[in-house]
Amino acid sequence: MIVDCAHYADGKRQHKGPIEIGEAAGRCNGAGGFAWVGLKEPSKDELEQVGKAFGLHDLALEDAMNAHQRPKLEDYDGSLFIVLRTARYDDAKEEVEFGEIHLFVGSDYVIAVRHGEASELGPARKRLEEHEGLLDAGPAAVVWAIVDKVVDDYAPVVAGIDNDLEEVEDEIFRQSSDSTQRIYFLKREVIEFHRAVSPLLAPLESLQHGAQPGVGDELRRYFRDVHDHARRIDEQVSSQRELLTSILEANLALLGVQQNEVIRGISAWAAIIAVPTFIASIWGMNFEYMPELDERWAYPVALVLMLVAVVSLYRFFKRIDWL
Amino acid sequence: MIVDCAHYADGKRQHKGPIEIGEAAGRCNGAGGFAWVGLKEPSKDELEQVGKAFGLHDLALEDAMNAHQRPKLEDYDGSLFIVLRTARYDDAKEEVEFGEIHLFVGSDYVIAVRHGEASELGPARKRLEEHEGLLDAGPAAVVWAIVDKVVDDYAPVVAGIDNDLEEVEDEIFRQSSDSTQRIYFLKREVIEFHRAVSPLLAPLESLQHGAQPGVGDELRRYFRDVHDHARRIDEQVSSQRELLTSILEANLALLGVQQNEVIRGISAWAAIIAVPTFIASIWGMNFEYMPELDERWAYPVALVLMLVAVVSLYRFFKRIDWL
Amino acid sequence: MIVDCAHYADGKRQHKGPIEIGEAAGRCNGAGGFAWVGLKEPSKDELEQVGKAFGLHDLALEDAMNAHQRPKLEDYDGSLFIVLRTARYDDAKEEVEFGEIHLFVGSDYVIAVRHGEASELGPARKRLEEHEGLLDAGPAAVVWAIVDKVVDDYAPVVAGIDNDLEEVEDEIFRQSSDSTQRIYFLKREVIEFHRAVSPLLAPLESLQHGAQPGVGDELRRYFRDVHDHARRIDEQVSSQRELLTSILEANLALLGVQQNEVIRGISAWAAIIAVPTFIASIWGMNFEYMPELDERWAYPVALVLMLVAVVSLYRFFKRIDWL
Amino acid sequence: MIVDCAHYADGKRQHKGPIEIGEAAGRCNGAGGFAWVGLKEPSKDELEQVGKAFGLHDLALEDAMNAHQRPKLEDYDGSLFIVLRTARYDDAKEEVEFGEIHLFVGSDYVIAVRHGEASELGPARKRLEEHEGLLDAGPAAVVWAIVDKVVDDYAPVVAGIDNDLEEVEDEIFRQSSDSTQRIYFLKREVIEFHRAVSPLLAPLESLQHGAQPGVGDELRRYFRDVHDHARRIDEQVSSQRELLTSILEANLALLGVQQNEVIRGISAWAAIIAVPTFIASIWGMNFEYMPELDERWAYPVALVLMLVAVVSLYRFFKRIDWL
Amino acid sequence: MIVDCAHYADGKRQHKGPIEIGEAAGRCNGAGGFAWVGLKEPSKDELEQVGKAFGLHDLALEDAMNAHQRPKLEDYDGSLFIVLRTARYDDAKEEVEFGEIHLFVGSDYVIAVRHGEASELGPARKRLEEHEGLLDAGPAAVVWAIVDKVVDDYAPVVAGIDNDLEEVEDEIFRQSSDSTQRIYFLKREVIEFHRAVSPLLAPLESLQHGAQPGVGDELRRYFRDVHDHARRIDEQVSSQRELLTSILEANLALLGVQQNEVIRGISAWAAIIAVPTFIASIWGMNFEYMPELDERWAYPVALVLMLVAVVSLYRFFKRIDWL
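Residue numbers (the numbering used here), protein chains in the order written: chain A, 106 to 428; chain B, 106 to 428; chain C, 106 to 428; chain D, 106 to 428; chain E, 106 to 428.
Read the hints as simulated data drawn from the structure, not as lab findings.
These numbers were taken from a predicted model, which means no experiment stands behind them.
It cannot be assumed that every hint is accurate.
Given that identical chains are not distinguished, each listed pair holds provided it fits within a single copy or across any two copies.
Computed cross-link-like contacts, EDC-like style, restricted to lysine to aspartate or glutamate with a CA-CA straight-line distance of at most 16 Å [stated by the list, open to error]:
hint: 1; residue 1: K121; residue 2: D339
hint: 2; residue 1: K177; residue 2: D330
hint: 3; residue 1: K145; residue 2: E274
hint: 4; residue 1: K177; residue 2: E340
hint: 5; residue 1: K423; residue 2: D257
hint: 6; residue 1: K177; residue 2: E310
hint: 7; residue 1: K231; residue 2: D253
hint: 8; residue 1: K157; residue 2: E128
Pulled out of the complex, with its shape left as it was, chain A reads as follows (with noise of 0.2 Å):
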């Protein structure tokens, strides 16, 4: 699906609405500026299409077809193909879901195709749209614009991965229920998040240091702002993995004391039934001489003194805790 296709020049958008893709990239070569095209989830011959209009790579366009792509920048003779890892935290199922923009960008195009649901770009456009300044250094420009929205849509993924974490240390040190599952999937999420992240720091940096033509002083400052974010999320999730790790830990300690607990709990009530038991079994045998079976008041005492065996082992118990 195409969403929106615009030509920039002169640090402002050119028209109102989409144009034809064949048109921006015909307005490019004559009246210079450049193109700004946004696909999402593009069938094959739209990519094509595309493709064909501005001259992209082949490797580059079969590596965007297929969404799993690690973050990279690559450079193809002074145009770049960008992959980016998206992410969004899903309130609802409490899950993190990922998505990926991959972007074409050369000296007059920049195209941006988006697999997932994870930061759109909408607002991305609009915010530059709106900053006539920075539209004037180009499709660079625009790279920093889509890199910083994706990056600035990690931070509530974190947040909430944060807010998970602190429920589960809730819910784990009240023992009111196990969590093993929890952590364990958590965990999971931690470590695929950082597989999103943790790639994109060293294209960052090159950005950074200006290592790609087109990155103006100006621009460079953005993207080290960007980069610096990106490296912030980055030890954040390496934090919440060392933590999950200690969690999973401290979990298994406190099982054990839980076991505990239940097995002292279950051994004083064992002793309270088998102290009277064996009381009732002494008068069960069957000896001719025992005087006191003959007594009046014999069985009430026997019963009296079960029951003062059963308060007395009771009160012992929950005098140490057993109980």
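Assemble chains B, C, D and E onto chain A, guided by the hints.
For chains B, C, D and E alone, coordinates are given in the frame of chain A:
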């Protein structure tokens, strides 16, 4: 076994069907172009014959004889010796099978020696023969085609392991059976797979950066593509390794949970039997004056009392979730 | 809130008490020297006023507004933006409180923005004002004084955590109570503290090696001193992290030891009750010819027998250390 | 003990049998070529005699005296001092035995000092003497032959450990016996083995890259081969280390599984005894009106009832797999 | 306390017994050579006196006052400040005691400040005075002698820890007592020891490579020797750390094994009591027609039956190794 032996010049195969090794070597000397020999688990004689015909280095030939090399790229005065480890997921046994491919690459020959079933090279040869442009690049193109095939064949292995991983997660969290052994052997496979993929990254990077002569700009882009796939595989394998470690720990915690449950259940049943036994023991005492013993209703009442005790305890333990 | 704003020239403060920000900026332009402005959790207006007066960069200003930055040193065409994370050990809560200090450093100004209670900068200013020689070195000396204060303030935090660690060791090895939760939250704090200290090392190293202009030889030695302190802190934090991991594991082992002891003790008591119960059940049998049943001495002897059994078992279990 | 001492020139040994050390040193000075002296656990006197004859450095001699060096390559103004750690798998004790070889290498001598049984150097000498071409390369060829022998001798050690590892896996997963101790000592050996192999990689790399004079192109290829073998060994050792860690964890989980089984089995048997005991206790009550007590069929029926209870419970527990 | 203060020139001590600090400083200025001052836990006055006499840097002096520095080598315009951490194994307490040595090194003085008991420097001074050749090399030789002494003194500490480690292994695998606490504190010591040794490697490497002036070729070889020893120590400490982690895990597994044994033993004894109790309960029933009750032989037979049950069960459990 000699699988195929062909002479390529001017970007295409010069004949149908295989030719003799001696002839292939001779043609290259005379008419230009290069020979591509494919061997599968060759006998010592076959290897020596090929070695003599193309003048291969002794140390490399010795390495090619036995099939337990680590992935590497070695330079012998302009000729290269490359070792690749192949992998194949055996669906029936749910196991990963490893093999090896050894490549001797000179300016006018490529000799590929395959050990094990994984990564048949027929398709790679066919693809290259049908894609004339690439064959112009000479032996380096053949190297690319083979490495690309090997790395592409890693993907189903990763998928197979991912699938096993999900099955194991299911088994564990539904507590259907003990999966410790399966997790362990899965981890063992992942460790070995990592050893196959990881040492490949450095040689691929050197090919991508043009450290070897005879690798043109276009081909370097193709190697970059392969390198990128290999890195993705490597990152996935690392994640799997970490996940398997976490699963082992989660498994331990779940065993603790399970044990707590078993102990509670058992204790509940113990109580359910112990209480009526105690009741019976009371009226088993031999006191003279136990007035209720003489009552007609006493025995049925006692039985009912026991029943009530049993039912109440059962309900109680059901309610606190011990049963 | 503006804490203090002063103009320094010729190595000393040019006036008593704070002056207006505009005046400070003006004086620097006219009479040389530099301004040092101290802000605490400033409002957006205050920040913008300062930003305008000294011409600070937008991106840095934006960062200074919100207090969740990672420690860093950024260069904006000769002016620096430095983020420090401060820490304070709250004795009452036995918790570490984190804050932040953001520094804008130009050739004729230093603006310090503090978030959180930790590391008040008053003492650093006083120390520098009393130590005229250093003020000659200009803004870099102020940076040193502030960084030195922040790093010095880490020491009591490390000491506080060390103290907690020893308390936890005591608790665990005297098995007085379950410390899992405390260990976990201690580890959480140590991880966060590590995130505050560790990213600071690289900027400090670059200051020590004179990568920034305006840092003279003498001052570089002072920065080396701070760098060294920060590294010591960082190594201590790493040790604490590793110790906490070991404590969690030791805790697990001790729980196992404890459980073994509980099970043994319980079993001993079970035996002490079960044996006399069994003895009683023998004479509870209804055989006709049980000659001892008719003896006068039999019942007392039976009771004594039970007592002997109980006492012997008790002594036995005491001896093998199960009780 | 002096094992052998010979003078080599023009690519071959100049005499049969060993000669005197003094003579060997003299011949080299006079006639060119180089001396190769092989010592095994030499006395202090022997070492000093050799040291004087060839002018070895004091520090190196001191090191060679005691046999607990780390693998290294040290340069003393053109002469080299190399320490190698040898390893041998003792099949009888299933243990790895470590030894050391110290090499003094000058332009006209190689002195090899061996400690421990592993890696006898006789075969290396024989191989080199029979392979004339290599001896032309002088002392460097001898170094290669010795290092190659030492590294080749690592392979059976790795195989032996692999074998132990598989036996341990078998023991654990068949739960035949407790293997904790064996796993631990296996890990201890692997850690020590790693310390023998890993520091060797850097010196081998420097030899491969020709950092030492007197190592020609051909010989560098041979050193590359050795380096490659050593890296493969090192990677295998790393895998073994990781596997042993996983085995310890799997072992822990299996102990948990086993304990759950034991507890279930025990509980089942407890139930099987407790139920008929309870049944018996019912008819042990002394109520006056228990009509069944007077029936002739009652006792046999009671016994049958107990039997039925026992058999049903047994079957039930068999079915739910507790027995 | 000033331990010794001497003036060295022309490769030997110029006088017997210590001289005044002022005199030593004066002599060096006048007559050449260098002064070597040894202090032990000096008072502030003593340090300041020395500082003034030799013109030491304030920052270094401040560091030398308090004894919690990390090992380091700092350059102050040609003069060096070196911090070493010393270690001593206290056999009585089985603990490692740490101390510190601070060195101020100029072209004509070495001032050594020792904190703590470990690594007395008297022997190092004596050794150097008796070894004239080395003293010619000036202050650098003194640095070598002191560092060599400190590193040599690490060896008995490593040996002491190794010994403890073996004792712990013994305790654990003979299950004689709970060693968790001992393992933990051993690990704590190893971690601290690692912090003493590891930061020393970088300065030693820089001394070995001649990064500091005044270190001649011969002396560099001596520093290489020390560096090598320090690295061996460091590798041993790393191994010990890893072994201690493995021991903690093995300990956990052994606790599990032990618990399984305890539970089995207890259950066996429970069965041995429960079965005869059940037998007795059968004949405790009050049925009218229990023919065996009237037989003379019945009671002895019942007792024998119980005995047989007990003995058979005992033998059975012995055979399956539960007792």
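Hints versus structure:
When the C-alpha separation of K121 and D339 is checked against a cutoff of 16 Å, the pair qualifies neither within a copy, at 39 Å, nor between copies, at 46 Å. Proximity of K177 to D330 under the C-alpha cut-off of 16 Å is restricted to the inter-copy arrangement: shortest distance 11 Å between copies versus 19 Å within a copy. Proximity of K145 and E274 under a CA criterion of 16 Å is satisfied in neither setting, with 39 Å inside one chain copy and 33 Å between copies. For a Cα distance limit of 16 Å, the shortest separation of K177 from E340 across copies, 13 Å, qualifies, whereas the shortest one inside one copy, 19 Å, does not.
Proximity of K423 to D257 under the C-alpha cut-off of 16 Å is found in neither arrangement, the shortest distances being 55 Å within a copy and 50 Å between copies. In this assembly of identical chains, K177 and E310 lie within 16 Å of each other by CA distance both inside one copy and across copies; the values are 12 Å within and 15 Å between. Only within a single protomer do K231 and D253 lie at most 16 Å apart by alpha-carbon distance; the minimum there is 13 Å, versus 42 Å between protomers. Taking the shortest alpha-carbon separations for K157 and E128, only the intra-copy value of 13 Å comes in at or below 16 Å, while the best inter-copy value is 45 Å.
Hint check: violations occur at hints 1, 3, 5; the rest are consistent with the structure.
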